[in-house]
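Protein chains in written order, with my numbering: chain A, 366 to 1048; chain B, 207 to 363; chain C, 24 to 364.
Keep in mind that the hints were calculated from the coordinates and are not lab data. Predicted model only: the values in this text are computed from it and were never measured. Where is the CB? At the ideal position from N, CA and C, for every residue including glycine. Any given hint might turn out to be false.
Stated by the list, open to error - Label-pair restraints from in silico Cβ distances:
| id | chain 1 | residue 1 | chain 2 | residue 2 | range |
| --- | --- | --- | --- | --- | --- |
| 1 | B | Arg292 | A | Asp605 | 50 to 60 Å |
| 2 | B | Leu295 | A | Glu624 | 49 to 59 Å |
| 3 | B | Arg292 | A | Pro518 | 27 to 37 Å |
| 4 | A | Arg684 | C | Pro359 | 30 to 40 Å |
| 5 | A | Thr958 | C | Glu208 | 51 to 61 Å |
| 6 | A | Cys575 | B | Leu295 | 51 to 61 Å |
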Amino acid sequence: MSNDQDQIPPISPPHASPDEERVGVYVCHCGSNIARTIAVEDVAVWAEQQEHVVVARDYKFMCSSLGQELIEQDIQAKGLSRVVVAACSPHMHERTFRGACQRAGLNPYLFEMANIRELTSWATDDREAATSKAKAQVKGAIERAVLQEPLEPLFVDINPNTLVVGGGIAGLTAALELADSGYHVYLVDRDSSIGGQMAKLDKTFPTLDCAACILTPKMVDAANHPNITLMTWSEVVAVDGFVGNFSVQVRHKPRYIIEDLCTGCGTCIEKCPSRVLDQHFEVGLGYHKAIDRNFPQAVPKYPVIDTTHCIYFQRGKCRACQVVCPTNAIDFTQKETFEQLEVGNIILATGYEQFDARRVPQYGYGRLANVFTSMEFERMVNAAGPTSGQVVLRDGVSAPQSVGIIHCVGSRDKNYNEYCSRACCMAALKFAHLVHERVPDAEVYNFYIDIRAAGKHYEEFYHRVLEEGTHFIRGRVAEVTDAARGPGEEGKLIIQAEDTLIGKQRRIPVDMVVLMVGMEARHDSRNVASTFGLGCDFEGWFTERHAKLDPVVTMTEGILIAGACQGPKAIPESVAQGSAAAARVAGLIGRRTIKLEPVRASIEAAACSGCRICNNVCPYHAIVFHEAIKISEVITALCQGCGACVAACPSAAITGAHFTREQVLSQIDGLLWDMQPGVLVLA
Amino acid sequence: MAEPTTFNPVIIGFLCNWCSYRAADLAGTARTHYAPTMRPIRVMCTARVEPEFVLKALRSGADGVLIAGCHPGECHYVEGNIKALRRFLLLKRMLTQFGIEPQRVQLVWAAASEGHHLAAAVDRMTEELRALGPLHWQQTVLRAKADIPLIKLEVGG
Amino acid sequence: MQYGYYPGCSLERNAGAYHDSTMAVAGVLGLQFTEVDDWNCCGATEFFSVHQMQAYALTGRNLALAADQFAPKAALPVIPVEAAETPQLVAPCSACYLNLSKVDRYLASSPELAAKVNTALDAGGLHYDPGSLRVRHLLDVVVNDAGYDAIAARVQRALTGLRVAPYYGCLVVRPGFQGQFDDPEYPTTLDKLMRVLGAKVVDFPLKAHCCGGHMTQISEDVALELLRRLLKNAAEYQADVIVTLCPMCQLNLDVFQSAVNRRFGTNFNLPVLFFTQLMGLAFGLAPERLGIGKEFVASRPALAKIGTSGEVEQERAVGKRAKRRNDQSLPMPYMPEEEER
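Please construct the entire structure, taking both the sequences and the accompanying hints into account.
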């Protein structure tokens, strides 16, 4: 970083005045894709007559190697200083033609593309209008190109350390992959143990592997890995810097346990007299002590004191844990501490939250005792859970003779979330199987809209559950009620739904209802996004760079995302994304330096009035204000090139490279060449 | 009575690189036909669009300006589109005071998947501008200042 | 606050108690209701199925009258009226409310329909522009405009000890209409209002189910069965009184309760009151001013419980109190609104 500051980039390399620029224009036929609608030869002939243009050609396929060679030869033979290609979208071939320019010794940023295919020839059949629009586009490109400046990519060094936020299965996978590749990882989790949501689960579909059996070894690996620094009960509070050189502040919340002394024997937990409802790990179905860990295999093994329920913290008496601790590891005086980390990349794997079933009051959760959420049921069937794996009603004793499983609670519903939560169909099938396994005589009803069993061996699992005798009723449930209409319904929960396959309303009396609640972005995901400087979509999921082609990278260089923080995901996809993110980071670290697009903003110090308007406009905190000289400066590596500050600067002191004011204004003039007063267009 | 020649307005379209430019690409790829009236300028983000650009376009002969960006909450630069919206609202107020009809400068959201939506916006705006007629701002409003001779345009046959 | 007031036919006859208590409560809360001059029937629930166009015109006439009567009179005609607030029309009857807001919305979404209706209205020299009124239900105005806090501040005699089943009926929370103010599936505004008054609100799963409407006159079997379900549900949750916001619901549950008892051999004795009556009682108004005593199933015995401490809080043993040693039951989910009182 210090090196960068020393090398002040040249502000504007000397170049010819626009009048002296020599432009080559190349109009592509794209087979017949463009030529059918646009008179390409006409455009080329016309272009050659325009100011600055020394050569204009039309060619069948400009992107072909022959087409590219045409440009390269002209650059060298005719001394072109600017190249304009009128062809397809720059998202398609800008890179191709920049490469051609570069090979011929022309700076690739002295190239401009006019998109006359997607935006023109494919969008209309009107040949005359399309040709005239194409001419305007070419003229705009020429006018813009002559004002372009050569730009050089930026190179920054990369710190090989990585921060992974969130120790669920996605983050854990990413951390282990990177650590195994020999890079150091800081794994931060706000919970007292890593493991995330997966640690709460019993079995995993469709293989019915025990979640703990496949997860806990990974947790232990992470804890013991020489390349992983585990920071649980900790949160990232501030992020500064840019790709390759992030500076991260982590807050360690006090556990009230001296970790170096604690052996994790659990005596304190056993002797603690304060037993309270566990709303967190046991989702309100079980209890924990005021000093406790999430579950016996928690990693790290150290417990945490819940100060709101600890008798000592509330009343100043008790100290039972301190008395029984054989190693004197209890320290009631611990305070939060802060730590500064230097990392090159950050992977966010902050996961999701369950939809709150109380928001659908007609399903009775919280009112009707035997309505459970999917996570409650998950804890119930877990052998380490509150009922030791027994499927029972809220009375804790009786087994249900009939269970209704309601899909899509809070998902695929325009009143709540319109999206599909993706994992719940399979979880519902798994539950149906587990009920049959634990209560062999029970009837199980699945109320579904569609069964989404798209995944390896998923459909087969669906068939297996069908064959086990689970009933499937296709239709959204209207309500769950205890208002019985006849003797058969007395004492039962009645699920009313339209069976859309037979076109009838049905009322199914059951003993137990399980609501398959959907996934939602974490309630504070927007705050997290702003801390790390990335985007969130409307629902709060983190926005990836490209939904299909770049799912684990964000718009902020060096910040990656993995797992359900990007959108609803089951375990396999979360793991895949964790690995993908790790691979991207490892690839970046391996290069040691990173090349950045030079489309960035810069401030001309002499013109800056120090008003600081740009400071707040920048979403990446890339503009710093030098208090001493009252001037703002863009940290080039942090800048993403959006141009918001350029437009905001009242004294026009900020230049957006490659999108300068002059370039855009001149492009407008070019686009409107035929609209100027005094211009006569003869048709 | 013979139908007078249809007036074809010229619209300058500022398209953000991440959503709306891709929406326009998609409209083309999907062969969604719409009025060939919009002449595009690619910007990285709608937040880059200076009010001056809009004024310049109108002054240089455009009949309307369309600014298209990502939906709120989906901006690739976190909230550039919101900044564009704020500027747009202020600009519109000013343009109204200049006597420029509000339909002449429009801001629309079009996600990369919404090619049809962008195409429809261009069509709609084209129709609205047709109803309003040419702007000729340079000639009609700025004439006093400009020393440009007025020459009638003969567009089309 | 100023509102146009559309009482509807019921409030002039069988639901006179609703009208009286509404006026009394509005006075306490400072809500000013001015009746629409020369209003006519809204068409009730069935006329729309009998003759749709006439029904639209019938309700359209009320909207036109109200819009004209309550239109903001701009002092300076130069200033556009857009800044002025849309006049509001309050209907205490759920059917009237639904019809008025439905017709306004349909006219707004279909210019052809609006043109037809206005042709009909034109015969009487009237005209209605859709959207020139905001139609609201009385409950909406009471809880959202007056507000729970203002209501709480005026409670002089809390309804402590009274177990109330809040009954919304099926009309007031129909989804998709402008002015929808509560969850269509499981509304809770009335629950909250009753809690603010100090009453114990019992769960009432059938709170938004149909009371049968005019089916008592057409198919008694259907109507009595629907009423039986409602009464049974309220009785199972040990309600002392059913509180409602619709004259039709009140009439059916109250007047036909004895018929239900005869038909099914049941013994329901559940008084059915309007929410404004209970508000008035809590505000310390005299029962006579609120029309209490006009109901068929006498409410006095139930209302006598007001002020008793009530042995009601025992039921929620699970989850809230420390568990007994041998109790294996699982805790109930945490419900924040239960904690409010």
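Hint by hint, here is what the structure shows:
One distance hint, 50 to 60 Å for the beta-carbon pair Arg292 of chain B and Asp605 of chain A, is violated here, with the actual separation near 27 Å. In this structure the supplied range 49 to 59 Å holds for Leu295 of chain B paired with Glu624 of chain A, their Cβ-Cβ distance being about 55 Å. Judged by the Cβ atoms, the range 27 to 37 Å given for Arg292 of chain B and Pro518 of chain A holds: they are separated by roughly 33 Å. Evaluation of the 30 to 40 Å hint for Arg684 of chain A and Pro359 of chain C yields a pass: the beta carbon distance comes to about 33 Å.
For Thr958 of chain A and Glu208 of chain C, the Cβ-Cβ distance of about 58 Å falls inside the hinted range of 51 to 61 Å, so the restraint holds. A hinted range of 51 to 61 Å for the beta carbons of Cys575 of chain A and Leu295 of chain B is consistent with their spacing of about 57 Å.
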